[in-house]
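**Q** Sequences and hints are given; from them, build the entire structure.
Here UniProt numbering is used: position 47 in the sequence shown is 47, and no number is missing along the way.
Simulated from the structure, these hints should not be mistaken for laboratory data.
Here the structure is a predicted model, which means the values were calculated and not measured.
It is possible that part of the hints are untrue.
Here are the simulated distance ranges between beta carbons [unchecked claim]:
1) Leu24 / Phe166: 56 to 62 Å
2) Leu79 / Leu11: 33 to 39 Å
3) Ile12 / Ile152: 46 to 52 Å
4) Leu94 / Gly120: 26 to 32 Å
5) Phe163 / Ile12: 45 to 51 Å
6) Asp52 / Leu100: 40 to 46 Å
7) Leu94 / Phe163: 18 to 24 Å
For every residue, glycine included, the Cβ atom is placed at its ideal position computed from N, Cα and C.
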Amino acid sequence: MDSHLKKYGQLIISLSGVVAVWWLVSGLGLVNQNLFPTPPQVLAAAVELYRDGVLISDLQISLKRAAIGFTIGATLGVLVGLLTARVFAVSLLLEPFLTLLRPIPAIALVPIAIVWFGIGEGSKYFVIAYTVFLAVWLNTHAGASSVASTYIRAARSLGANRFREFFEVVVPAAAPHIVVGLRLGAALAFLSLVAAELSGASSGIGFRLQDARQFIQTDRMFVGLIQLGILGALLDSVFVLISRRLVHWESA
Numbered sequence: 001m002d003s004h005l006k007k008y009g010q011l012i013i014s015l016s017g018v019v020a021v022w023w024l025v026s027g028l029g030l031v032n033q034n035l036f037p038t039p040p041q042v043l044a045a046a047v048e049l050y051r052d053g054v055l056i057s058d059l060q061i062s063l064k065r066a067a068i069g070f071t072i073g074a075t076l077g078v079l080v081g082l083l084t085a086r087v088f089a090v091s092l093l094l095e096p097f098l099t100l101l102r103p104i105p106a107i108a109l110v111p112i113a114i115v116w117f118g119i120g121e122g123s124k125y126f127v128i129a130y131t132v133f134l135a136v137w138l139n140t141h142a143g144a145s146s147v148a149s150t151y152i153r154a155a156r157s158l159g160a161n162r163f164r165e166f167f168e169v170v171v172p173a174a175a176p177h178i179v180v181g182l183r184l185g186a187a188l189a190f191l192s193l194v195a196a197e198l199s200g201a202s203s204g205i206g207f208r209l210q211d212a213r214q215f216i217q218t219d220r221m222f223v224g225l226i227q228l229g230i231l232g233a234l235l236d237s238v239f240v241l242i243s244r245r246l247v248h249w250e251s252a
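**A** Here it is, written out as structure tokens:
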């Protein structure tokens, strides 16, 4: 309980300090407020967007896109990661190809995603799922391929078949790495979400950022950035809580 209170206290102090410095710098006119708005200006922009019904609708749309893309990418990433780590034929076939894909950023895939899937939701799901998949696959593969051989030998000596060995030894041993991959994938889902919404979208947080940029409405741009930051932090906290319950043996 004390550790949680300490963590929340540190968060409040950190955020308060950042807002105070932000307010001081912009409020004293050290920078152009048209380029770097004050906290009250950003709050007023958020209230205006909320009253227009844009703030909540964009949030809902972006959350749906991120959730669907993350679910697709994470599911495939875990499955393929386990297979490439433990099945030689699959590793031989897919690992070199996936290694080549890793350096390609999500934003570079936006044009071809639009060509393949159109400007609808399919292209956005594809870009998000692609980014999440690679992050989750890499961590899952690393965890499943580094399972201690003593665990495998112990399971086999106790008469475990391949099925039980995989699900009762390999998967639990790789679980901490999988959780790390999921946390990273969740953060990357929001990064690729913005990339996907910057082109071929008429709604969502990324679209609103692009729309505000065209009219140099930096206060609205800050609202979108703060939304993304809060969403990412909340989602990461959820994964931390889930991992502590599901992968309890790692912290024991």
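**Q** All the hints need checking, so say for each whether the structure fits it.
**A** Each hint, compared with the structure:
Between Leu24 and Phe166 the CB atoms are about 57 Å apart, so this pair conforms to the stated range of 56 to 62 Å. For the pair Leu79 and Leu11, the beta carbons lie near 36 Å from each other, so the given range of 33 to 39 Å is met. In this structure the hint that Ile12 and Ile152 lie 46 to 52 Å apart at CB holds, the actual value being about 47 Å. With their beta carbons about 29 Å apart, Leu94 and Gly120 fall inside the hinted range of 26 to 32 Å.
Checked against the hint of 45 to 51 Å, the pair Phe163 and Ile12 passes, with Cβ atoms roughly 49 Å apart. Separation of Asp52 from Leu100 is about 45 Å and conforms to the stated range, judged on CB atoms against 40 to 46 Å. Between Leu94 and Phe163 the C-beta distance comes to about 22 Å, which sits within the given range of 18 to 24 Å.
Hint compliance for this structure: every hint is met.
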